[in-house]
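Undergrad: Protein chains in written order, with the numbering used here: chain Y, 1060 to 1375; chain F, 1060 to 1375; chain B, 1060 to 1375; chain W, 1060 to 1375.
Since the hints were made in silico from the structure, they are not lab data.
Among these hints, one or two may not hold up.
Since copy identity is lost for identical chains, a pair holds within one copy or between any two.
[To be verified] Below, in silico cross-link-like pairs of lysine-lysine (DSS-like), each with a Cα-Cα straight-line distance of 27 Å or less:
{"no.": "1", "residue 1": "K1130", "residue 2": "K1274"}
{"no.": "2", "residue 1": "K1084", "residue 2": "K1292"}
{"no.": "3", "residue 1": "K1277", "residue 2": "K1249"}
{"no.": "4", "residue 1": "K1091", "residue 2": "K1258"}
{"no.": "5", "residue 1": "K1277", "residue 2": "K1108"}
{"no.": "6", "residue 1": "K1270", "residue 2": "K1258"}
{"no.": "7", "residue 1": "K1130", "residue 2": "K1206"}
{"no.": "8", "residue 1": "K1206", "residue 2": "K1249"}
{"no.": "9", "residue 1": "K1159", "residue 2": "K1270"}
Source: prediction; values computed, not measured.
Number of protein chains: 4
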Amino acid sequence: MNIHLLLRVAVVAAVFTAGIQGQEKPCSTASKFGPGDQIGNVNYITPAKTLAATRLVTKGKAYRLGIETNKDTPAYGARKFAITVVQPDQAGGASLGPSKTSYNDDIITGWVGIGSQIDGFGHAGVDNLYFNCNKAADFTRVDGLTKLGIENVPAIATRGVLLDMAGYLGTDMVKEGTAFNRAEIEGAMKRQGITAIEKGDVVLFYTGWMKLLGKDNKRFISANPGLGREGAKYLASLGVAMIGSDTSNFEVIPFESGAGFYEVHQILLAQNGIHILENMNTEEMARDQAWEFLFTLGPARITGGVQAIINPIAIK
Amino acid sequence: MNIHLLLRVAVVAAVFTAGIQGQEKPCSTASKFGPGDQIGNVNYITPAKTLAATRLVTKGKAYRLGIETNKDTPAYGARKFAITVVQPDQAGGASLGPSKTSYNDDIITGWVGIGSQIDGFGHAGVDNLYFNCNKAADFTRVDGLTKLGIENVPAIATRGVLLDMAGYLGTDMVKEGTAFNRAEIEGAMKRQGITAIEKGDVVLFYTGWMKLLGKDNKRFISANPGLGREGAKYLASLGVAMIGSDTSNFEVIPFESGAGFYEVHQILLAQNGIHILENMNTEEMARDQAWEFLFTLGPARITGGVQAIINPIAIK
Amino acid sequence: MNIHLLLRVAVVAAVFTAGIQGQEKPCSTASKFGPGDQIGNVNYITPAKTLAATRLVTKGKAYRLGIETNKDTPAYGARKFAITVVQPDQAGGASLGPSKTSYNDDIITGWVGIGSQIDGFGHAGVDNLYFNCNKAADFTRVDGLTKLGIENVPAIATRGVLLDMAGYLGTDMVKEGTAFNRAEIEGAMKRQGITAIEKGDVVLFYTGWMKLLGKDNKRFISANPGLGREGAKYLASLGVAMIGSDTSNFEVIPFESGAGFYEVHQILLAQNGIHILENMNTEEMARDQAWEFLFTLGPARITGGVQAIINPIAIK
Amino acid sequence: MNIHLLLRVAVVAAVFTAGIQGQEKPCSTASKFGPGDQIGNVNYITPAKTLAATRLVTKGKAYRLGIETNKDTPAYGARKFAITVVQPDQAGGASLGPSKTSYNDDIITGWVGIGSQIDGFGHAGVDNLYFNCNKAADFTRVDGLTKLGIENVPAIATRGVLLDMAGYLGTDMVKEGTAFNRAEIEGAMKRQGITAIEKGDVVLFYTGWMKLLGKDNKRFISANPGLGREGAKYLASLGVAMIGSDTSNFEVIPFESGAGFYEVHQILLAQNGIHILENMNTEEMARDQAWEFLFTLGPARITGGVQAIINPIAIK
């Protein structure tokens, strides 16, 4: 075990001790893992947990969870996306050098929050207060976040759990506005024979909504079933590291009665240090009943990034 | 085993049969895996191989191989990078809704080939002919490749092998211009006790060059040790799926005597269907002597992309 | 008269002498104004011509000819446009300094060829040969043209002539596919009492097509009436500096029988050194019968730019 | 005189009447020209004024005031600029159609506030209040301003006055931190024989600072001589439409003792409806002693734009 890991475990231990001693919370979004923490519940993913997760692999089948990102991918609000393919300095078809090299390069001019994505802790806050007492004015710079940037996410290799909400609710595609709270989560677990959700797990909800992609993009982007507020708090109490779904908005839309604007995002990202994964394509995993698996993710480390376009690999 | 996997295995089998029957190559960049193939040697990564690779994990330590991408990351030629962080429609600090939601979004305006990256098969060709007989004029569109796009890369979970070229050459940092060919590859393997490089493996070269990053970016970008032409053909003959290094140019620079402009890129990408991984940070892995491991990679699936900014996860 | 102007006149004189002596053309796109020329017929706009043009102003009414450029402006092919408005480092509504300064900035991520535009001489060529014997491979760089860039256009202040083709053809809006050739040009002139088109003039065609903008963008972008090949050669023979129209494609679409792909662009830009102005909104000028006027234009001087988004000012 | 002009004059008249009657100001940035006004003192540019300005032209010499905008142009803060030149769908040198058409297009990915520019009224405010009582939250959208956008600027053709501050101060290049206030403005006018600055004029300050461009960009961007607060209020009292200078920051930097952060921007843009023009290259005009002239400007009409990259044409 290297120094880095020892330190991480030590911090966790110290925090627990502090908790026992009843230390006061410095602000409403303070991290359990101390004032310098930028990774939240990812701290729970220890080598022991990673090692155990690799043993969940029994078939060697690897799934890519990313959907495609392009100009037609349904996207929230003003978000747009384009790539431009260029042949630098080869106008007229000129090739370069004795082996006649030709090459293409590509340029992105697009919003990151399109397609499959991870929300970093700089994405959503409460009245300009973000995770771990970080005020917007202190870390939000126009050319990148100076804290909570996506480059800080460590290597993710942990246990993944897929909750088949469509199966639990006896449908192919769960209706928009259906909130997943503790009862639904435990009901789905029981049906699938999943005995526990544990610290450091990545929990993915399967709703069947990927079936709409490219077929009814308007419906896909404007609403969906998803996690409710009580369910978010319940999963937070279990110490999960990340929560995802096969929908674009992740949380239930229309919002639950009395809920704020993307309040579940606030609960997870700002108040509990739990990353959110959107547009996770788990269609094939659901068909294969791949309920418990090794989940791996390395978001592109764009310095100061709010989010990242991702393509996690799940292995069963 | 699902239909998709069955088909892939069937294609591989068919191709072998074709090979035995001495079928003629339709063009100089034809794929072993048939006329429709877009993924090259990734075809060799079977479920059995993935399963076996997970058993290489003995400690549960996960490494992220990505370096950070930002405006200061050393980059080739005209490549530039910027992100812009915005607070959509919250001018003046306005928060949204009853739970006072604040949020940041981010926009990329940058070249993909900056930082840690995978080169897709649309990146380099020979006189406008790319992998598997694809002519530039046929698949290169200004708003995305219509074939060979990075979105086609399947889920990668396979055996990774780290070749410690610095250790083999008895130095902290291998000198620029040092070519790695068959002798050096086999020498390093022998020293590290690696008995074989196999079909579907990902081979990473460790040279110590990450030590320059942020310290001498000019040297880092302008030259490096790396794979030579003979070494590239040797690894191709072994059927590796991807080859990477901890340098920005990947192949040896200055080029070997008589070599073309980035000719090793041509040999791997165009002529052999082998992906290239650049700027893979393996410093910590080299220190840990993590020579054989589970390598996982899911590049963001940007439709028609030439390359992708990546952050593979290696697990030992 | 300053050195710059003296030199320009001297070049013109030298060229005429050369012409008289029957000097051979070095290539099919050679400039009348010598091997170093990058501005073509703009050379004809002398101070005397500018001074005379100011005397065409009799009412003091100034017209802006630019239409709006935004994401919905009809645009050719893959062209897209976006602006992003940011409040740098003011997240949470923070103002700056004792006088509580707030500010917005804006970022463009868009193709230049959208909305009202001038085509530079690097825009269209014949088989990779552009104006004045410039080969694409020699001046086209991915980060900007090294010759023929839009930054080279001098200050434009000259006589403008509006040809009312709708009036001439007795219609509100000329039908798509209607070609303007010598007969139509002279017919319109005669009807409007315009006695001559002269060296250095800017000629604008009024067709009534702006009426479609925002109402039938699909029709607006896919075809239009416009200049034909013979008309282009006729105006070139008169030495006009620039030719524009109130349509998006400028030249007649569908193309004339036997014509090449945007061949009128080739004739003007590559073969005659005449700039093209697209989407010039002359609706109000046509209503006012402002046929002869002072035309002024200063395109934003983006180094190496192919085109520019413009908003010329016509004064009557 | 058309309806539009009649209405504008009527509004001006009505506003004066209102002023006489002592009507209360609805907010600290209210326009003299009424609640719907978005163009401020540009209202003063009447046809009579434009006509008179054309008679200031005596030599026919036209000057372009724009400097070049590119990645090396000195720019404020996080501002960056790039263009990308592409040959859409011509990979491998393919030409299009029977006349072998080749073409380049260009894409901007850059901040607007680089190089010669006009500041729109959405650029600077006081504690999130912008010109004419517009609150940031009400009109600032991430994809464009919904009011005060640069597309609203009418055709500008008016009297221009160049104040030679370098000549007045007996130097080639005025020292940074030198404030131009009423005394300096009147002193320069007297020296140049300019009898009056009038309603609707465009006033440009010449300081000699363009000599630094490309030679000492660091000094050029970090400070400059320029308009002071009292001078700004004085010019506002005269009803000028726009004020510019040959520097990048326009106003005096370091700021005057006790002044806020870019407070002169606030005084002109927010409190007086006067546009600001930066990086106006008047070197040649100063050499020619072109003190009074016709000034024309048509900023590219990008919908919702905060600023515009410009290249005004001055004619003497």
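Undergrad: Hint by hint, note whether the structure agrees.
TA: Consistency of the hints with the structure:
1. K1130 to K1274: both (15 Å within a copy, 24 Å between copies)
2. K1084 to K1292: within (18 Å within a copy, 51 Å between copies)
3. K1277 to K1249: Neither. Shortest intra-copy (34 Å) and inter-copy (55 Å) distances fail the 27 Å Cα cut-off.
4. K1091 to K1258: within (13 Å within a copy, 45 Å between copies)
5. K1277 to K1108: neither (40 Å within a copy, 41 Å between copies)
6. K1270 to K1258: neither (31 Å within a copy, 35 Å between copies)
7. K1130 to K1206: between (30 Å within a copy, 17 Å between copies)
8. K1206 to K1249: neither (40 Å within a copy, 44 Å between copies)
9. K1159 to K1270: For K1159 and K1270, the Cα distance exceeds 27 Å both inside one copy (45 Å) and across copies (33 Å).
Hints 3, 5, 6, 8 and 9, counting from the list given before, are not met by this structure.
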